[in-house]
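Given next are the chains, with one letter for each unit.
There are 2 protein chains.
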Amino acid sequence: MVVELISVGTELLLGNIVNTNAQFLAEKCALLGLSMYNQTVVGDNRQRLKEAVDTAAGRSDLVILTGGLGPTEDDLTKETCAEALGCRLVEDNHTRERIQEFFKNSIYKEIPENNWKQAIVPEGALVLDNDNGTAPGLIMEKDGKRLILLPGPPGEMIPLFNGQVEPYLRKLRPEFLVSRMVKVCGMGESQVEDKLLDLIDSQTNPTIATYAKTGEVHVRVTAAAPDDEAAERLLKPVVKEIKKRLGRAVYSIREEETLEMAVVRLLKKHELTVATAESCTGGLIAGRIVNVAGASDVFKEGFVTYSNKAKRKHLDVSKGTLKKYGAVSRETAREMAIGGAFATDSDVCVSVTGIAGPDGGTEEKPVGLVYMACCFKDNVTVEKYQFKGNRSKVREYAVVRALDLVRRTILENCE
Amino acid sequence: MVVELISVGTELLLGNIVNTNAQFLAEKCALLGLSMYNQTVVGDNRQRLKEAVDTAAGRSDLVILTGGLGPTEDDLTKETCAEALGCRLVEDNHTRERIQEFFKNSIYKEIPENNWKQAIVPEGALVLDNDNGTAPGLIMEKDGKRLILLPGPPGEMIPLFNGQVEPYLRKLRPEFLVSRMVKVCGMGESQVEDKLLDLIDSQTNPTIATYAKTGEVHVRVTAAAPDDEAAERLLKPVVKEIKKRLGRAVYSIREEETLEMAVVRLLKKHELTVATAESCTGGLIAGRIVNVAGASDVFKEGFVTYSNKAKRKHLDVSKGTLKKYGAVSRETAREMAIGGAFATDSDVCVSVTGIAGPDGGTEEKPVGLVYMACCFKDNVTVEKYQFKGNRSKVREYAVVRALDLVRRTILENCE
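For the record, the sequence lines run as chains D and H. Just so you know, we're using numbering that gives the first Met the number 0 here: the first sequence kicks off at 0 and counts up by one. Just so you know, we're using numbering that gives the first Met the number 0 here: the second sequence kicks off at 0 and counts up by one.
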């Protein structure tokens with residue numbers, strides 16, 4: 000069963016808002032096993048909306064439209080869809096009563112005249128009560144085609160979808176789709192694909208697709224099957240093979256687990272505490288760790304030591320090291336990590352020092368040069384990177400690599 | 000001139016990512032005076048992409064495509080667009096050299112074989128150098144139709160658009176549009192609109208539009224005129240009036256200036272240094288400040304004091320205060336700010352302590368409760384907030400408000 004989305008709203012065409020509705024609905028449809036090949040955005044214009052609805056209904060079994068159900072004159076979605084399916088518009092008494100009820104406790108003394116328009120529905124449509132606004136959702140079926148109309152504000156659309164549309168779609172669903180995400184850090188997308196090429200090419204069920212994120216690659220494995228158990232049987236050996244090929248670069252196979260969550264999970268597992276000593280990343284590593292709920296069990300404190308003075312005072316980096324090798328050096332990174340672990344009495348301390356740019360680069364030490372170190376008990380690992388991109392890109396990559404350095408250090412020492 | 004967007008990527012159809020590229024490009028095109036009536040999302044599928052390109056090129060003068068320029072087999076945008084316009088594909092030596100250069104200092108020992116695919120371009124296309132990746136942007140022109148191909152990652156797409164596509168489009172533009180952005184912090188969007196309602200309603204040139212961002216509101220004032228000077232004459236009195244009405248809530252009228260840049264500018268202007276003492280924001284305030292190029296002039300060090308012990312050790316928060324009022328309290332925030340200023344010998348220190356959730360909330364101190372303080376020489380201002388949303392939303396709002404607190408403190412004390 001093929002579904003597509005039409006988002007209606009001039010504010011999307013002007014870039015006033017981001018289309019988060021499309022992301023929400025696309026993810027939901029994927030999880031329901033519906034195939035989506037197209038998404039469209041059109042403005043509040045009858046002719047272009049009609050064209051979009053006709054095209055979508057022509058090539059897909061199911062079209063979900065959001066927006067254009069408001070009370071104003073330029074809200075045309077309902078009228079246009081009725082025209083496309085050849086339905087009359089009739090007044091719905093139940094909805095009329097709900098609108099009356101909605102305004103009873105509102106700040107308005109009188110119901111604005113144009114709100115009554117929202118009680119008009121296509122004849123035969125399934126009306127979905129909207130508890131958060133005056134525009135009901137609508138499901139229209141005709142000649143094997145289905146149009147689902149939902150209001151644009153996410154605060155109305157999402158509860159309507161979850162409460163009434165999802166149960167409706169579950170009944171139509173042809174097949175179960177289950178997917179696993181294999182999350183990888185420390186390899187580029189093409190490197191990952193190289194290692195999985197034969198699998199990607201030969202697999203049809205499950206399918207395998209790679210996605211590049213900043214400093215990470217995600218591999219999605221999706222199986223279609225009549226039930227959850229059968230899907231699991233299809234997924235398991237493929238995920239196992241991918242994990243085997245990519246080795247320790249795989250940091251998680253949990254959909255919702257981020258890199259920092261994986262790091263915190265490992266720290267908790269081995270009952271370790273972690274500290275941070277940051278220069279060019281300026282607190283962002285600590286920020287990522289603290290973003291994990293429950294991080295307080297493993298993270299006590301961090302330093303942002305931007306100046307040499309701060310590096311000396313808090314991390315005990317020696318004057319001689321700073322003078323001889325400079326603040327951005329293998330030696331300084333090493334002493335920062337050791338000093339940070341000592342000062343905070345933590346099991347692990349990760350340090351980063353580098354040149355984020357745009358200024359400060361030299362021929363010998365160009366912009367993007369970053370040293371990072373991880374002190375684990377008495378061992379220190381130091382790594383050197385040359386990142387590409389602007390200041391914030393260099394820092395983003397450094398943060399991801401530093402988190403991954405903590406992860407790899409724990410794996411090497413504890414597992 | 001009519002423009003439309005095609006976003007290419009199965010990850011959009013699966014709802015793995017939000018289409019922020021479409022919002023960015025739509026906003027830019029609106030500012031350039033280009034009309035947009037359609038946006039489309041298609042997957043990495045040759046036939047459907049071809050249909051989308053044919054439809055778009057048939058009804059619009061200009062089509063901007065993002066995504067599908069990567070090195071892998073399912074990246075098909077370039078090939079499909081060349082087919083749609085009937086162009087051959089040829090190797091571009093310049094791009095080949097750039098790819099070589101890109102990998103020279105990278106972590107990869109060898110250039111993955113499939114990356115060379117990115118040096119193949121449609122014959123006659125204008126090649127746009129990408130400083131943040133290996134896929135160049137491409138501009139194809141034929142029979143009055145224009146296709147602009149940009150890589151999908153925003154970190155590559157945005158600099159390419161700003162640096163090379165925007166100047167190209169400016170030349171095609173039917174009319175001069177000049178705009179100013181008035182950036183506001185500390186007021187909600189409806190509050191801002193209330194204050195500007197008569198201006199928004201009555202103005203036609205320049206036009207005024209508001210955009211809500213996290214913790215901020217941006218007011219864009221756009222004038223159409225035959226030349227820059229005439230546009231300036233239209234803009235100046237309106238921007239002046241908006242600034243007058245919104246007062247100190249306006250932190251910048253510079254398009255490219257972020258809140259943290261405005262803070263660093265003020266610090267430099269008054270020759271002040273700043274330190275941070277963060278609990279629930281976990282280093283993100285320092286991270287934002289350090290993201291400003293040249294921040295090292297004003298920012299020396301910061302503390303992430305997540306545990307009570309760290310708050311006592313580094314910031315000298317008294318045991319009695321933590322015991323009597325708790326870590327999340329007006330009193331602790333105050334002592335953190337004073338202690339941070341003292342420990343780092345900085346003129347200004349901002350502190351944040353709060354309950355980001357999802358756990359740790361009580362009836363008395365619910366999730367979202369955040370105290371922040373700013374110590375300026377001998378004065379301390381403490382503010383209490385109750386933010387809505389999940390853990391990362393609470394922290395994002397807290398970071399914005401804390402940066403703004405530094406800004407307002409400097410204004411009140413120095414200007």
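These are computed hints drawn from the structure, not numbers from a lab. These figures come from a predicted structure and were not determined experimentally. Warning: the hint list may mix true and false statements.
Okay, derived cross-link-like pairs now, DSSO-like style, lysine-lysine, Cα gap no bigger than 30 Å in a straight line [to be verified]:
| no. | chain 1 | residue 1 | chain 2 | residue 2 |
| --- | --- | --- | --- | --- |
| 1 | H | Lys27 | H | Lys323 |
| 2 | D | Lys312 | H | Lys312 |
| 3 | D | Lys312 | H | Lys322 |
| 4 | D | Lys322 | D | Lys312 |
| 5 | D | Lys267 | H | Lys27 |
| 6 | D | Lys383 | D | Lys267 |
| 7 | D | Lys116 | D | Lys141 |
| 8 | D | Lys49 | H | Lys383 |
| 9 | H | Lys364 | D | Lys144 |
| 10 | D | Lys387 | H | Lys27 |
| 11 | H | Lys242 | H | Lys383 |
| 12 | H | Lys268 | D | Lys312 |
| 13 | D | Lys212 | H | Lys312 |
| 14 | H | Lys49 | D | Lys212 |
| 15 | D | Lys268 | H | Lys392 |
| 16 | D | Lys27 | H | Lys103 |
| 17 | D | Lys144 | D | Lys103 |
| 18 | H | Lys308 | D | Lys387 |
| 19 | D | Lys170 | D | Lys194 |
| 20 | D | Lys27 | D | Lys308 |
| 21 | D | Lys235 | D | Lys268 |
| 22 | H | Lys392 | D | Lys267 |
| 23 | H | Lys268 | H | Lys235 |
| 24 | D | Lys323 | D | Lys364 |
| 25 | D | Lys364 | H | Lys323 |
| 26 | H | Lys312 | H | Lys235 |
| 27 | H | Lys103 | H | Lys27 |
| 28 | D | Lys312 | H | Lys267 |
| 29 | H | Lys322 | H | Lys312 |
| 30 | D | Lys27 | H | Lys242 |
| 31 | H | Lys194 | D | Lys383 |
| 32 | H | Lys144 | D | Lys308 |
| 33 | D | Lys322 | H | Lys312 |
| 34 | D | Lys212 | H | Lys387 |
| 35 | D | Lys103 | H | Lys49 |
| 36 | D | Lys308 | H | Lys267 |
Not close to chain D: a few residues of chain H, all C-beta gaps over 12 Å, as computed [claimed, not checked]:
| no. | residue |
| --- | --- |
| 37 | Leu30 |
| 38 | Asp43 |
| 39 | Gly185 |
| 40 | Glu270 |
For each residue, glycine too, the CB sits at the ideal point set by N, CA and C.
Results for each hint:
no.: 1; hint: H:Lys27 with H:Lys323; verdict: violated, 53 Å
no.: 2; hint: D:Lys312 with H:Lys312; verdict: holds, 14 Å
no.: 3; hint: D:Lys312 with H:Lys322; verdict: holds, 29 Å
no.: 4; hint: D:Lys322 with D:Lys312; verdict: holds, 15 Å
no.: 5; hint: D:Lys267 with H:Lys27; verdict: violated, 46 Å
no.: 6; hint: D:Lys383 with D:Lys267; verdict: holds, 28 Å
no.: 7; hint: D:Lys116 with D:Lys141; verdict: holds, 23 Å
no.: 8; hint: D:Lys49 with H:Lys383; verdict: violated, 51 Å
no.: 9; hint: H:Lys364 with D:Lys144; verdict: violated, 52 Å
no.: 10; hint: D:Lys387 with H:Lys27; verdict: holds, 26 Å
no.: 11; hint: H:Lys242 with H:Lys383; verdict: holds, 26 Å
no.: 12; hint: H:Lys268 with D:Lys312; verdict: holds, 27 Å
no.: 13; hint: D:Lys212 with H:Lys312; verdict: violated, 38 Å
no.: 14; hint: H:Lys49 with D:Lys212; verdict: holds, 26 Å
no.: 15; hint: D:Lys268 with H:Lys392; verdict: holds, 28 Å
no.: 16; hint: D:Lys27 with H:Lys103; verdict: violated, 42 Å
no.: 17; hint: D:Lys144 with D:Lys103; verdict: violated, 37 Å
no.: 18; hint: H:Lys308 with D:Lys387; verdict: violated, 39 Å
no.: 19; hint: D:Lys170 with D:Lys194; verdict: violated, 39 Å
no.: 20; hint: D:Lys27 with D:Lys308; verdict: violated, 52 Å
no.: 21; hint: D:Lys235 with D:Lys268; verdict: holds, 24 Å
no.: 22; hint: H:Lys392 with D:Lys267; verdict: holds, 25 Å
no.: 23; hint: H:Lys268 with H:Lys235; verdict: holds, 24 Å
no.: 24; hint: D:Lys323 with D:Lys364; verdict: holds, 14 Å
no.: 25; hint: D:Lys364 with H:Lys323; verdict: violated, 51 Å
no.: 26; hint: H:Lys312 with H:Lys235; verdict: violated, 52 Å
no.: 27; hint: H:Lys103 with H:Lys27; verdict: violated, 34 Å
no.: 28; hint: D:Lys312 with H:Lys267; verdict: holds, 24 Å
no.: 29; hint: H:Lys322 with H:Lys312; verdict: holds, 15 Å
no.: 30; hint: D:Lys27 with H:Lys242; verdict: violated, 44 Å
no.: 31; hint: H:Lys194 with D:Lys383; verdict: violated, 53 Å
no.: 32; hint: H:Lys144 with D:Lys308; verdict: violated, 59 Å
no.: 33; hint: D:Lys322 with H:Lys312; verdict: holds, 29 Å
no.: 34; hint: D:Lys212 with H:Lys387; verdict: holds, 28 Å
no.: 35; hint: D:Lys103 with H:Lys49; verdict: violated, 52 Å
no.: 36; hint: D:Lys308 with H:Lys267; verdict: holds, 20 Å
no.: 37; hint: Leu30; verdict: violated, 9 Å
no.: 38; hint: Asp43; verdict: violated, 9 Å
no.: 39; hint: Gly185; verdict: holds, 21 Å
no.: 40; hint: Glu270; verdict: holds, 16 Å
Consistency with the previously given hints fails for numbers 1, 5, 8, 9, 13, 16, 17, 18, 19, 20, 25, 26, 27, 30, 31, 32, 35, 37, 38, ordered from lowest to highest.
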